[in-house]
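Asks: Now for the letters of each chain:
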Amino acid sequence: GQSLEQPSEVTAVEGAIVQINCTYQTSGFYGLSWYQQHDGGAPTFLSYNGLDGLEETGRFSSFLSRSDSYGYLLLQELQMKDSASYFCAARNSGYSTLTFGKGTMLLVSP
Amino acid sequence: ETGVTQTPRHLVMGMTNKKSLKCEQHLGHNAMYWYKQSAKKPLELMFVYNFKEQTENNSVPSRFSPECPNSSHLFLHLHTLQPEDSALYLCASSQDPRQLSGNTIYFGEGSWLTVV
Numbered sequence: 120g121q122s123l124e125q126p127s128e129v130t131a132v133e134g135a136i137v138q139i140n141c142t143y144q145t146s147g148f149y150g151l152s153w154y155q156q157h158d159g160g161a162p163t164f165l166s167y168n169g170l171d172g173l174e175e176t177g178r179f180s181s182f183l184s185r186s187d188s189y190g191y192l193l194l195q196e197l198q199m200k201d202s203a204s205y206f207c208a209a210r211n212s213g214y215s216t217l218t219f220g221k222g223t224m225l226l227v228s229p
Numbered sequence: 011e012t013g014v015t016q017t018p019r020h021l022v023m024g025m026t027n028k029k030s031l032k033c034e035q036h037l038g039h040n041a042m043y044w045y046k047q048s049a050k051k052p053l054e055l056m057f058v059y060n061f062k063e064q065t066e067n068n069s070v071p072s073r074f075s076p077e078c079p080n081s082s083h084l085f086l087h088l089h090t091l092q093p094e095d096s097a098l099y100l101c102a103s104s105q106d107p108r109q110l111s112g113n114t115i116y117f118g119e120g121s122w123l124t125v126v
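Line order of the protein sequences matches chains H and L. Mapped onto the working numbering, the consecutive letters of the first sequence carry residue numbers 120 to 229. Mapped onto the working numbering, the consecutive letters of the second sequence carry residue numbers 11 to 126.
To be clear, the hints were calculated from the coordinates, so they are not data collected in a lab. Careful: at least some of the hints might be erroneous.
One-sided and incomplete, this derived list gives chain L residues near chain H with beta-carbon spacing under 7 Å [what the hints assert, rightly or not]:
#1 E66
#2 N113
#3 G118
We put the beta carbon where it would ideally sit given N, CA and C, even for glycine.
So here's chain L without its partners, still in its complex pose (with noise of 0.2 Å):
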């Protein structure tokens, strides 16, 4: 248990639907983060919020919509995805980053992606 709860823990997902992942984090952080790792690949970046302002948005296709309502939820809203998004999405969070307490980061256990 690590404080970082993600759902659902697997999703298979054709090209044209419409799905979410869920984040929520027990820790009382304010950043939270996500990550795809995929197979061979380092974890890549995709979005930061830090205080509920996204930070960081690392070029991500805009089939990925990232909602953060509030500190403890973060969600990643999924649509028309192509095979390649196939992944494990890991949501993280911490404290501030631009503080050295930031430099730990939480990871949940992660969503599979499956899209076919």
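Bound-form chain H, shown alone (with noise of 0.2 Å):
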């Protein structure tokens, strides 16, 4: 099975850069992704990790290290609409679907 650890809430001001921790135990591993849902949306995706390192993708990036279980998604120059749950999901190898974290909550305030 499988099992992903992240905070449930961060909070941070317009502007900060905020950081989103997940740790995962798993059977198997094939690389994490970030999901981000607002309240009452579908949940959207917002990058992949299959290799070690950093990944960027504008204002958003997202970090893996497989030697230490772990991975982050890097937000940068935070906005209102940044407030949000967001969602590590890690993906078995085989026949993969995603099994996802219990979400951390980001609340942005000005």
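Combine the two chains into a complex, taking the hints into account.
Replies: This is how it looks when you write it as structure tokens:
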């Protein structure tokens, strides 16, 4: 089986940088994804790390360290619209389906 | 607009009712999924279909019955549900999950189900 741990809530102010961590325990591991979900909306894909290192997409970056079973999502130049829940998700090797963490609620204040 | 459409958006049903949730994807994907999202719990995978064949059933009670008539449509038939089944039910689709492109799954906005 798999389990992913992430903080339940993070708060920050506009313009700041915030890092949301995710640690995982899996019987097989193929990569780590991040999804964003606004209240009442659909989860939407943000990024995927199949290899160790940093992936950058605009204001968002994601990092993976397989040796540490750890990854993070970095959000820069925070905006009010970034207030949402962020989920890390791990893909098994083999016939892959995603297992999700419980999500981190990010609250951005003025 | 995610390309995955779910109906109804809200459903209230009694424990003896029979109802169905519908999902349609316009993305040309081959795989479709049902997830359950409850408060304070991770997204729970329920069923996976790839090329219309069920490839995963995550020990879901038989009161939930999926149907996938083609790669674009997915149903979740509900009967004799319990109040604890009240949750947001999310449909999703992707390319073949055995391929790297299948890493990205696209969710619908969900159907809010309340069982009374």
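Asks: Now tell me if each hint is right for this structure.
Replies: Verification of the hints:
1. Proximity of E66/L to chain H holds as hinted, the smallest CB-CB distance being about 6 Å (cut-off 7 Å).
2. A distance limit of 7 Å between C-beta atoms decides the matter here; for N113/L the minimum to chain H is near 5 Å, and the interface restraint holds.
3. The beta carbon of G118/L is positioned within 7 Å of a beta carbon in chain H (closest approach about 6 Å), and the interface hint is therefore held.
In the structure shown, no violation is registered for any of the earlier numbered hints.
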